[in-house]
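Visitor: Residue numbers (this note's numbering), protein chains in the order written: chain A, 5 to 346; chain B, 3 to 145; chain C, 705 to 1363; chain D, 2 to 305.
Hints in this document: simulated from the structure, not taken from any laboratory.
Incorrect hints may have been included.
In silico DSS-like pairs for lysine-lysine, Cα to Cα no more than 30 Å straight-line [to be verified]:
1) LYS75(D) to LYS1210(C)
2) LYS1320(C) to LYS105(D)
3) LYS162(D) to LYS293(A)
4) LYS199(A) to LYS55(D)
5) LYS60(A) to LYS120(B)
6) LYS75(D) to LYS923(C)
7) LYS1228(C) to LYS120(B)
8) LYS10(A) to LYS11(D)
9) LYS204(A) to LYS105(D)
10) LYS1320(C) to LYS11(D)
11) LYS1210(C) to LYS120(B)
12) LYS90(A) to LYS120(B)
13) LYS140(B) to LYS71(A)
14) LYS10(D) to LYS293(A)
15) LYS75(D) to LYS1206(C)
One side only, chain B facing chain D, incomplete, derived with CB under 7 Å [as the list claims (entries may be wrong)]:
16) PHE10
17) GLN62
18) PHE86
19) ARG88
20) LEU101
21) LEU135
22) ARG139
All values derive from a computational prediction rather than experimental measurement.
Where is the CB? At the ideal position from N, CA and C, for every residue including glycine.
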Amino acid sequence: MKKVAKTKLSELFSSMAAEAKLYVPALSDGIVNFTLWQEGLTVTLTALNVLVPPKKFFYPQTETVLKYEWGEDLQLEDFACKAGEKTILFAARPCDVSSFAMMDKVYLDEPPDEAYRRRRENTTVIALGCGEPDETCFCRSFDIDAAKAPGADVLAIDIGLELVLVAQTEKGEKLVSAQNGLLSEATSGDENRVKDEQEKIEGRYVTSVSLRGMMEKLDGMFAADYWEQLYKRCIGCGTCTFLCPTCHCFDLQEYAAGNRGERIRCWDACMFADFTQMAGGHNPRPSQKERVRQRFMHKLNYFPRQHGDYACVGCGRCVRKCPVSLDILEVIREAGGADDGM
Amino acid sequence: MPVTNEGFEPVIVAFCCNWCSYAGADLAGINRMSYSSNVRIIRVPCSSRVNPSFIIRAFQRGADGVLVTGCHPGDCHYHSGNFFTRRRLSVLKQLMEYLGIEPQRFQVRWISGSEGAKFAMVMNSVAEEIRRLGPNRKLRDVR
Amino acid sequence: MKRIGVFICWCGSNIAGTLEIDKMVAAAKTMSGVVYVDQNKYTCSEIGQAMIRDAIKEYSLNRVVIAACSPRMHENTFRKTVVSAGLNPYYLEIANIREQCSWVHKDREAGTAKAISLIRTAVAKAAMNEALFAVEMPIIRRALVIGGGIAGIQAALDIADTGFEVDLVEREPSIGGRMAQLDKTFPTLDCSACILTPKMVDVAQHEKIKLYTYAEVEKVEGYLGNFTVTIRQKARSVDLQKCTGCGECLAKCPSKVASEFEEGLVQRRAIYTPFPQAVPNKPAIDRAHCRYFTSGKCKVCQKVCPAEAIDYAMEDLLLTNGYGAIVVATGFDIHKLNDYGEYAYGKHPDVLTSLEFERLLNASGPTGGKILRPSDGKAPETVAFIQCVGSRDKAKGNPYCAKVCCMYTAKHAILLSEKVPGSKAYVFYIDVRTAGKDYEEFYNRAYEECNAGYIKGNVSKVFPDGDKLLVRSVDVLSGALLELRVDMVVLAASVDARADAKELAKKLAITVNEHKFFTEAHPKLRPVDTQTAGIFLAGMCQGPKDIPETVAQASAAAVKVAAIFSKQSLLSNPIVAEIDQRLCSGDMSCMTVCPFNAISEQVVEERRGRETVSRKIAKVNAALCQGCGSCTVACRPGAINLKGFTDQQILAEVDAICL
Amino acid sequence: MAAVIGWRKKDFWWQSPVVFLEDPADAHRLVWDPFTIYSPVKFLLDWQERCNAKVGIFVKGCDSRGINRLLQDKRLERERVVVYGLPCGGKADAEKIRASFPAKEIKSVSLLGEQLVLAVGDKEERIAAEAYLLDKCLTCRHPNPVVYDQLVWEEVLPRQKADESRFARVQAVTSMASEERFAYWQRQFERCIRCFACRNTCPACNCRVCIFDQAEPRWLGKANDPADTLNYQIIRAFHVAGRCFECGECERICPAGVPLQEINRRLIKDMNEAYGDYEAGLDVTDQPPLGTYRGEDPAGFDES
């Protein structure tokens, strides 16, 4: 178990940045996002959720799949095999880290998505345990411990003036040992502080929901009136889906002019009217009702049926950012049943 | 300070209304008034047919400059087309400058069917300004 | 599957001399959709066109790109070529590599590169071209002429003489207009009535002309070849069928009002014919001043009428007719002189407008053609003519020149010297403008033979001085301050557009300039056309002009109408806007920018789920649309597109030209 | 009336979402508190599509101009809505409150005259509302509904400072040098996640099928690259030019905090200066500046 003084962080960062592309949570114009590290960034260790979840490091909002050109013969340039620079992700929160496991189920199951696999492989994730969950944090409802992050390569815990770093994987060990010069051994006192932090956290949540029987309950709700009531105030924007750490739908776009073209993969949102729009004009999800239902059924029924886990980590981004306060908390409570209160 | 862009050949897209500016371009040709070959013309019936989306699209696809030309206000073949053009493209141009796009990138001029010399002159001056400005990077697709 | 053929023209050495044809051919071959490329020394020649026709057949081409001279030169030629090979004319695209390339770019390499880019662009557009078809629209071969002055009369006669039906609408009880008020006409001094009345009679008697006097245009709908016009036939209160025009009623009618025709110099009765040679020469009752209509008692005219033609119960009639074309000839108003108090007009009886003076000259006028002072009935020995009253006066009048004053004043000076021997005319002028056949000579005659005194100077003031009038001015040439005692002052009042010109313009969907004169489609090349196809202009309603010009313009308008009527039907321009019902939100922003009133609202039925609902969307009238495309930009969702220049086509061009 | 559209309370103190009530017995669920911010107006479009019955709607000053927007765009049938006008003194900014109070302990926030009353833990805090209002409310020129069938309570006085502060941020951005301005906007736009919330919220964006959602032709690339984001922002702003009535919702609900009002208001400023003062959403019979012209209009470009 190692530790580093917060005052030494920028040294640590520049040293890590020499090894790989280092992304840290930084504040700019009032918004915190993972930002490529450089001197002078306003790095924040207190902000819980960054705006855009770190899924983007494995599954970018926009990526070139291939380029082509035809003259005498057709020439193809594949980009998947080029993906995956060495990357270090610093201070991913436990909820976001546990979302990676869900993305893996989608993109690493046979046949694996090459670009995703390469990026995942080449990224070292340093998680930062939460001390104080926010009012909209409900990760514990999905059995996520805000102070632990088993899926991370390294777990960092804030113990006041210092960060304790616990390597949890081989990748993590490598990173920590590579930075040994800047780290010092954690004392038994530090270890107690860490334990202490991890025990206290339970009492600091204000929000939670019960998912007992949620999936089963929704089996019978496809045709329920509930959706009729729910969708009315949805404006069909992509805020919830784009900010969701587990949403993973994409579209393939073709940009061609003359004899050249490029195929692009980009995030798409089931909330958008054109998401299921077909060339012939038919749209199997003609109104926002079907779209809203789809999103929640997918998160709370289809996905768990297929992969065993609910497609939500309780990060609360949709709760905080939905313009019309239509979020998964509401659906779990109203459609799910038993409520453990706030 | 003056920037020189050696060997930079800008792509300049000019939307010309069929009745005045396009005729002006033809007249320049008939009188053999040479002008920059960087300028490439797209013919539209009236300057009021030019959708701001066309202009942005040209920049995205790699145009270094875009020029919209029409009949002088009051001479529009369709009577009022260019009056609307004037309002629309004034708004668009000021907006683009506000967002940090160089003013010279996008220009609007009135050139009549009899102003062949003016056509050539304008094309040269615009081409010169764009050449000095260098390639459009701000509005170009990364692709 | 698009099969595009590209044909590159050398234009002799015009193109081949500056650009590298082979490079272009090679490049064109690699362009997507292109299945055939060829070159020719002169593509517009019969051999060149034959080559295209053959290639279309042999390689079953369904789109054709010709890289040659400007489309403004040969687009139609080549459209015919592809049609003759069985293709739709709009499958053709032209890359202008002569006027806009070989002729203007000296650098062979750069020029060729640009030419290739232009060809690629044309190919990209051609791939998007769709078949367009002109719609055939029947023409109602009957014309409407609005205004029965010399302009309207001439236009009506000329149209009728070509064998087509004409309806002439005049709002006064008689046709004749301003010219009927004139005594003699410059520069020939022939009597106005003598040359006008025969034409008025012709109109009345022409089998092809239907005359509506005391009538006004109420409403105009439709478009070229198919206007629907509602005419309000005002209640004349006199049955034209029964009335014999004997005139009994005119004499007996007890209520009197100032005569418009006599410019208020004398009074007419409430039941009246405007002037002796009126056509129709039958009276109308001016209800606003008729004792019966104002007080409910009288009925004198009815009592004295031997033909029982008086009908107080008569009501306005609304008649709706169809027309294929309209000639607007509504004339002008005399500029009101209220703002010219310094000339004592209205304050002193012997200060007259030139039209009032014209009436004094006229044999059928209030003085039987003798020039007499309204004040004391004496013949004036000295008369001051003041030019440009309300003309060329940015301050309080019209900025423009009324055009006719210089000449009719010369005429007045001449007639004065003839009618009052020994009299003297003084003409105060800014400039004397005599542009026109025999005009300068006529003006010379005024001051050489009739010793009219021409003084260059603005009159600052006119005031009564005993039984005379004192005219104060500056002689600009000598610089001397000038004070003249005269017996009479005649003001050359400017001409205005009709006060209600704007309302009529609105009804006709035509435009007026800042002085409310109707605007022509092009100041030089389409001087009698308006913006609205099928509506033409004649006479002063379009701007100041004299009688010869007016008549010439009227005949020109008539020919325009006859040209339209020479066909049974019209072919519409297929380059028109079209609505995508799916995308149209019905906010009608397209309608507000359309210069041709070509867009209107329509209700459409749509399936929504199980039920059918109706909603309003925009509708394009292909006959009115001129294809400017302004609407396509006003429409945010891109629901309205312009055939031949669609969003898809232009975006494809943009993409290609930037490569 | 088949339903009324208003606001209700939800889980958190700062959540007062729009609600559709179809049963009069639910009337008690309606609330009016410092967070009844989101405009209910645009939901009328979907309502009209679904049923022909009348609907009641509660509107603030800004919302009411949205009603006029829809009316002028012929997207709403006036006789099908009953409008209840709610003069509004401004709404609270939850972020500003979070900055000075522990969010987790706040139980409720309510407005009392010029004061906000907070229940924090078991204490009650009273603070001057002004300092905790949304920025957009501080520049609001029409706090009173401009169209309604019934005014629910007395009209309020517009803030004096609203006018001078209206273009303050625009001026600040305008005063930057061109390159600095470009960098500024790039920094803003690169946060854009292309969720289209700004468009979907805007009552002026009421097309049945938005141009940006069309695939043929594709006016806007779906990929979120900088040029396409500029394309989107330029055309979006152009489409609302002369039609934006400054409700400021696009900016408020933008998850990425892109200062869109600085764009919309710049256009308003430009057009006011060139074509005369015009405020959208006040009079449905007038003609927005881009729907008309004058022969003597000035040009925003070199006309030589």
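Visitor: Next, verify each hint and record whether it holds.
Guide: These are the hints, each one checked on the structure:
Pair hint LYS75(D) plus LYS1210(C) holds up; C-alpha atoms about 24 Å apart against a cutoff of 30 Å. For the proposed pair LYS1320(C) and LYS105(D), the alpha carbon gap of about 51 Å is over 30 Å, so the pair is violated. For the hint pairing LYS162(D) with LYS293(A), the CA-to-CA distance comes to about 43 Å; that exceeds 30 Å, so the pair is violated. A hinted pair counts as satisfied when its Cα atoms are at most 30 Å apart, and LYS199(A) with LYS55(D) does not qualify at roughly 61 Å.
Among the hinted pairs, LYS60(A) with LYS120(B) is inconsistent with the structure: their alpha-carbon atoms are about 52 Å apart, more than 30 Å. About 27 Å separates the Cα atoms of LYS75(D) and LYS923(C), which keeps this hinted pair within 30 Å; it holds. Taking the CA atoms of LYS1228(C) and LYS120(B), the gap is near 21 Å; set against the 30 Å cutoff, the hint holds. With a C-alpha separation of about 39 Å, the suggested pair LYS10(A) and LYS11(D) falls outside the 30 Å cut-off, and the hint is violated.
Of the supplied pair hints, the one linking LYS204(A) and LYS105(D) holds, its CA atoms being roughly 16 Å apart against a limit of 30 Å. Simply put, LYS1320(C) and LYS11(D) have alpha-carbon atoms about 39 Å apart, too far for the 30 Å limit, and the pair is violated. Annotation: proposed proximity of LYS1210(C) to LYS120(B) is violated, straight-line Cα distance about 37 Å (limit 30 Å). Simply put, LYS90(A) and LYS120(B) have alpha-carbon atoms about 57 Å apart, too far for the 30 Å limit, and the pair is violated.
About 23 Å separates the Cα atoms of LYS140(B) and LYS71(A), which keeps this hinted pair within 30 Å; it holds. Distance hint between LYS10(D) and LYS293(A) is fulfilled; the C-alpha atoms sit about 22 Å from each other, no more than 30 Å. This hinted pair checks out: LYS75(D) and LYS1206(C) have alpha carbons roughly 29 Å apart, not beyond 30 Å. Hint status for PHE10(B) relative to chain D: violated, with the closest Cβ pair at about 19 Å, above 7 Å.
About 5 Å separates the beta-carbon of GLN62(B) from the nearest beta-carbon of chain D, less than 7 Å, and the hint is met. For PHE86(B), the suggested interface contact is upheld, since its CB lies about 6 Å from the closest CB of chain D, less than 7 Å. Look at ARG88(B): its Cβ gets to within about 5 Å of chain D, closer than 7 Å, so that hint holds up. Checking LEU101(B) against chain D: minimum C-beta separation of about 5 Å stays under 7 Å; hint holds.
Hint on LEU135(B) is violated. Least Cβ distance to chain D is approximately 11 Å, over the 7 Å limit. A hinted interface residue such as ARG139(B) counts as satisfied when its beta carbon comes closer than 7 Å to some beta carbon of chain D; here the least separation is about 10 Å, so the hint is violated.
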